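Residue numbers (our numbering): 34 to 206.
Honestly, the hints are just simulated from the structure, not real lab data. Zero decoy hints are in this set.
Listed below are the simulated PhoX-like cross-link pairs for lysine-lysine, each with C-alpha atoms no more than 25 Å apart in a straight line:
no.	residue 1	residue 2
1	K45	K59
2	K45	K76
3	K59	K76
4	K65	K76
5	K45	K65
Note that the structure is a prediction, hence the values are computed from the model and not measured.
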Amino acid sequence: MSWTPERIEELKRLWDAGHSASEIGKQLGVSKNAVVGKAHRLKLAARPSPIKRGGSTARRRPAAAQRQAAARAATASPFVSPPVASGASNGASSGKAVSASPFAAPEPERVRARARPARPVRRSLGSQTCAWPIGDPGTAEFRFCGEQTVPGKPYCAEHCALAYITKKKEEAA
DNA sequence: CCCTGATTCGC
DNA sequence: GCGAATCAGG
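Please construct the entire structure, taking both the sequences and the accompanying hints into account.
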């Protein structure tokens with residue numbers, strides 16, 4: 034939708050009335066950014082700005098500009114993106130390598146689990162314990178199920194039923 | 001997290 | 001001119 038005189042008028046009115054950009058945006062059916070951008074272009078009263086760029090330390094355009102340009106290019110261009118992705122030869126290997134941990138694929142709901150201390154999973158070879166996560170990872174209460182696993186599976190029978198969802202089950206649910 | 005407005009820049 | 005992405009403060 035374009036900025037018709039009426040809409041601009043409305044924008045001015047609401048902006049002048051002290052409404053927030055997102056609020057005005059809702060009213061006019063546009064995004065907050067659109068409102069702010071238009072207001073800026075119209076030179077409307079630059080109301081109390083939350084932040085100020087370059088107010089104190091000034092000049093730091095290059096970095097921001099580069100990032101923006103990069104982001105822009107990344108989303109817009111069909112090409113662009115081949116940079117390193119894997120095999121980073123230099124540090125920064127913060128990847129926790131989740132691999133095929135208990136959290137890997139199954140269970141859609143609580144997959145939020147990060148690569149937590151997934152160590153206690155196997156402890157004793159004689160009787161594997163169910164690696165089904167219980168509770169919120171990161172909290173003290175977090176633990177794994179610990180029941181005897183189904184041979185060849187990382188979970189107990191009960192949790193295998195939950196972990197391995199079939200298409201049919203999914204549709205039934 | 002949510003919110004805010006400001007700025008940049010591809011379109 | 002437009003506005004998404006990004007930034008940066010509350």
